[in-house]
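Those protein sequence lines, which keep their order, are chains X and H. Number 682 marks the last residue of the first sequence (this note's numbering); no jumps. Number 682 marks the last residue of the second sequence (this note's numbering); no jumps.
A portion of the hints provided could be inaccurate.
The list makes no distinction among identical chains, and a pair is therefore deemed to hold if it is satisfied within one copy or across any two copies.
Claimed, not checked - Capping the alpha-carbon separation at 25 Å, the derived lysine to aspartate or glutamate pairs in DMTMM-like fashion look like this:
| hint | residue 1 | residue 2 |
| --- | --- | --- |
| 1 | K495 | D374 |
| 2 | K57 | E143 |
| 3 | K387 | E632 |
| 4 | K127 | E107 |
| 5 | K495 | E199 |
| 6 | K672 | D365 |
| 7 | K87 | D342 |
| 8 | K568 | D478 |
| 9 | K236 | D365 |
Keep in mind the hints are simulated off the structure, nothing from the lab.
Protein chains: 2
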Amino acid sequence: MALDRLKQTAAIVSGDTGPPYPLDPLTEAEIETAVAIIRKEHNGLFFNTVTLWEPRKAEMMAWLQDPKGTPRPHRVADVVAVGRGSKVYDGIVDLTEGKIVSWQLTEGVQPLITMEDLQIVESIVRKDPKVIEQCGIIGIPPEDMDKVYCDPWTIGYDERFGSNVRLQQALMYYRPHIDDSQYSYPLDFCPIFNADTQEIIHIDIPPVRRPVNKAPPSNYHTAAIEAEGGYRTDLKPINITQPEGVSFKMDGRIISWQNWKLHIGFNYREGLVLSNITFNDKGNERPTFWRLSLAEMVVPYGNPEHPHQRKHAFDLGEYGGGYMTNSLSVGCDCKGAIHYMDASFVNRAGQATTIKNAICIHEEDAGILFKHTDFRDNSCTVTRARKLIISHIFTAANYEYCVYWIFHQDGTIQLEIKLTGILNTYAMNPDEDTNGWGTQVYPGVNAHNHQHLFCLRIDPNIDGPENTVYQVDATRSDAPVGSDENKYGNAFYAKKTRFENPVQAQSDYNAATSRTWDICNENKLHPYSGKPVSYKLVSREVPELMPKEGGLVWKRAGFARHAVHVTKYDDDQIHPAGRHVPQTSGEPSQGLPAWIAANPTANIANTDIVLWHTFGLTHFPAPEDFPVMPAEPMSLLLRPRHFFLRNPCLDVPPSYCSVPSGVEQGGALVDKISRLAFREGS
Amino acid sequence: MALDRLKQTAAIVSGDTGPPYPLDPLTEAEIETAVAIIRKEHNGLFFNTVTLWEPRKAEMMAWLQDPKGTPRPHRVADVVAVGRGSKVYDGIVDLTEGKIVSWQLTEGVQPLITMEDLQIVESIVRKDPKVIEQCGIIGIPPEDMDKVYCDPWTIGYDERFGSNVRLQQALMYYRPHIDDSQYSYPLDFCPIFNADTQEIIHIDIPPVRRPVNKAPPSNYHTAAIEAEGGYRTDLKPINITQPEGVSFKMDGRIISWQNWKLHIGFNYREGLVLSNITFNDKGNERPTFWRLSLAEMVVPYGNPEHPHQRKHAFDLGEYGGGYMTNSLSVGCDCKGAIHYMDASFVNRAGQATTIKNAICIHEEDAGILFKHTDFRDNSCTVTRARKLIISHIFTAANYEYCVYWIFHQDGTIQLEIKLTGILNTYAMNPDEDTNGWGTQVYPGVNAHNHQHLFCLRIDPNIDGPENTVYQVDATRSDAPVGSDENKYGNAFYAKKTRFENPVQAQSDYNAATSRTWDICNENKLHPYSGKPVSYKLVSREVPELMPKEGGLVWKRAGFARHAVHVTKYDDDQIHPAGRHVPQTSGEPSQGLPAWIAANPTANIANTDIVLWHTFGLTHFPAPEDFPVMPAEPMSLLLRPRHFFLRNPCLDVPPSYCSVPSGVEQGGALVDKISRLAFREGS
Ligand SMILES: [Co+2]
Ligand SMILES: [Co+2]
């Protein structure tokens, strides 16, 4: 098998069957080739990551400009492996040349926790005598240890254990029956697992014990719903069909749709990576964003009681949004005509594995695109909108994150995230005081306050890589009411603050001024407005980071201190909380704070820049979120402003068009499928 | 015709054919009956409004409690009429008893401007010699006066003319061809129209003249698009069908859908009014909101240059969101299986008129309702969501407002508003400096900065009328980082501020603290969380009112000074900028500020209250908004918190359900209609 793949790779890199596009994720064959190349020189390794080392931006842009006259970027693998004694190796392997480019032992770091790392813990926990003892204390007999479960989390950081030993904390649960939701039965103690020795090295035990919950199960599976009277029967089907197929085209992983064109990448960590996004503006393929991805996230919990003070998760940096991604299915996760893409990763043993249907691509009707009626004569144009959705869903232990990148015909890019899944829960004695740090969502179940903060990495390319960010605030005129300049007091304007360096660019959200951030190309002015071509970041779910300045999460999640950071582009700056996130102490802070501190006065105006945007929501749990949470949506927009000469979607065929003259207008495309719900008069 | 209707009404009020539901809008017959009753006593009237005078809340609630033992609320008409000399009469007519209940001359007010009032102006303007002269000055010869158009607006307020003469300002435009968009050809002067004398009494002329625009037309009708190469041809159809019909039922104007039940009203002013909204919670029909409506809005413009300083529109109070509503059509405005409702109004002559298909009711698939996968074994439940949408669209001269009331299966009510249509534009000389007050969106076309601020009237009924509002802010613990109480600095909680009186309840938005407002019933605590049953207002598009304190808009639009006001319920407090809005000076401020000033210490805790929420957006125009604006959406949520025992939609049939035990689970409802986009492997 591995040999076959080696041959395939050889064929690919020699060009016999056409090579992957430079931004494509590594194929299964390439992954196994990288492993084989490393194993020629290094033994006894477990593999943590083998992923595409993306072409350097300058190299990639040069090749795109002149693919024939410029060397094709090599296929290169970025490798993290763990050797004996938990030694961590970072390596780069050039697959095109078949050789290791760099290989280094990296001290004092912990690479992310893979699904395999996670799955080991539960079986160890069940057999550990100290865990069995603790289970006994709260009412679980030794013969029921098969009913004990755990969600292993990285430890985050705990100063008692530091960063050198690879640790997981086991959030403990119980299931009376295998199909019962364990989140109704949280256990009150927390074992600490040493991944090197594969043993429990400590158990955090609360001063007040909480016997295992005696409440009945709270389930949502079919058997439970049927036992309570069954499913509702009053939902009639809505069928969505695309008899002529989809409106997008795929060329490998490059999608074209409604003037948009982009490359769809995917990696173990960020999940979806959208690159070289262009918009065909009347024949002119104009760049908009070089690369968009969710680069990091942090979920800080708000309970300071030991050991919950350390509970927070960097779901991307500590576990990987790609590694945790779901295999999707037609008609369940998406409706209509669906195109899926798979995702391939390395496993611990160095073999390639593939998640089928990791990425979903589909279109949806999007309601009214534009409409106007002349009130004089009711002449009217109404045009319906279509949207393209590129999505994946990942499961981070209890939570589900559904990530939708949505492209609109008007040049807008929308990122929508839906949160669903299950609350992280902790044990409480019946009607124990939660001290305001959580909510009893079910008898004996305490769901702690928390935030979900996402860091969107925006690498803009607004008509070219030289871009500038302005903060824009609706601002009242200084002139007083009654003055000649402002008689009625109505004057207001868009106050623009130009970001010159990364320190000055650290900025927070202000809803009062409708604050947005404009990403401009100052070298190109709109012929009508005279303003730089730009995309505007419109994001309204932007709370402050609740953990305090100087505290653990504040130190570790430097990206979350401000809504916006801007840095000068650097090929190596992808991960805003650092490359290896688990067990970082935050001293010094990795990622964004370190990069900014290293060059606080770097010029970020009219140059190649990256905008890092942290947004999200604050979640005070309620019983409605239990036992499974109805999806909570959150959305932001990147909107073209002064970018197009005018509305760029006027040529979308209208549903209806009439004009004041009454002259016949062609092109009316009334949907003949839709119907009245009831017969006339009923 | 009118006599027939009188008979119908007689039949209805005598109960022969079943009377309208007390909250139903007046029928055509009832409208004409009201007019006939008034005309028996009063002559020479033009009718401005004949609309339902809604039953008093106490009376209506008593009747709902005991429909047999309590008198049915009478059918009553609320009438505004204009007599000779622009005298304004406010009247109430009891249709059940066939008599006038009250009739009064109201001094110093102007009722709203109807579509008929608006349509008179253009023909007068075209014939006015002073207007013809001004047209000549900017390059329009007298023989082209048929190419001159105007959008008549109320004057707002202009201290030169005061409130006693009924005025409109004519925003002037030109069309080279009847089908050309006039908003590319704004004229630089502004005639003032006296509605009593039907003549132009003044023209505001700018110091610097701007000849009529010489730019070519900027159109979006079919002929224009075809002249430029035609419509795009790469959109394949998406068909939405409901072969078994819709999932909602109509009983008159009461709709039932997915445990929701509510009455759908409609009036000339607020448009949609949703009343007595209940949610069937396992057989218990629980009240949530007594009445929801968009009660007012204001669009202040930000240019202080004369005469633009007075440009602002109260689209509901000055024109009527119902009066301006569109007649909708299947497949254009909505797709799927649609139920429409008509809307009837009075005209100037006292006859009933009806807008067909004024209200659209339909369902849509709403993506994932909830999903969770167990990472151990990939057992998974995924359930798709459905939403019910009750909508109307109104055209306010240049702008379109699409109002969508969306009901979700999880008990959430969402209000989404889409803005589309055309920017209000003013003339500019080519590349004239806009001084920051506007944008040249097309050569010679200046679109001024503005806001769209909506006032949502929330009359809550959270398990009964006695409700309390809390402001909720995510707040960090006071304990310092490193202290025993907050070692890692992560502690945060939901700080709740109870609103006790209307002055204290005046509150602004704070994105930093994820501020929400909880509408609670303190008399009913959730059995698990111990917290009052509540609905949470989650609204994130909440800029400050830009016009300055003490200025005209600040005075006239008192509701927009704060994001939230709370008042004690009063049957007569429906219109937050006052009953008659045109030409109010704001001295004193009408509506909310007057009500609060009248009783600043009224108790608003644990009593019958109304929450007034102002939200919206700030619009700095860009060329992409021209010549017609791609829809810009805005959304807020009312979410149940501590209201349901648990997630109330667990019994929605899943698309897929598997369990860890592998035991067969019934009820899986995978959509068999959806398909892969491409053949396998392509
Ligand atoms: Co949450
Ligand atoms: Co606008």
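Hint by hint, here is what the structure shows:
In this assembly of identical chains, the alpha carbons of K495 and D374 never lie at most 25 Å apart, being 34 Å within a copy and 49 Å across copies at closest. Taking the shortest alpha-carbon separations for K57 and E143, neither the intra-copy value of 58 Å nor the inter-copy value of 62 Å comes in at or below 25 Å. In this assembly of identical chains, the alpha carbons of K387 and E632 lie at most 25 Å apart whether taken from the same copy (20 Å) or from different copies (14 Å). When the C-alpha separation of K127 and E107 is checked against a cutoff of 25 Å, the pair qualifies neither within a copy, at 32 Å, nor between copies, at 87 Å.
With identical chains, the CA atoms of K495 and E199 are never at most 25 Å apart, being 59 Å at best within one copy and 42 Å at best between copies. Taking the closest pair of Cα atoms, K672 and D365 come within 25 Å of each other both inside a single copy (15 Å) and across two copies (20 Å). Proximity of K87 to D342 under the C-alpha cut-off of 25 Å is found in neither arrangement, the shortest distances being 31 Å within a copy and 74 Å between copies. Taking the shortest alpha-carbon separations for K568 and D478, neither the intra-copy value of 34 Å nor the inter-copy value of 37 Å comes in at or below 25 Å.
Taking the closest pair of Cα atoms, K236 and D365 come within 25 Å of each other both inside a single copy (20 Å) and across two copies (11 Å).
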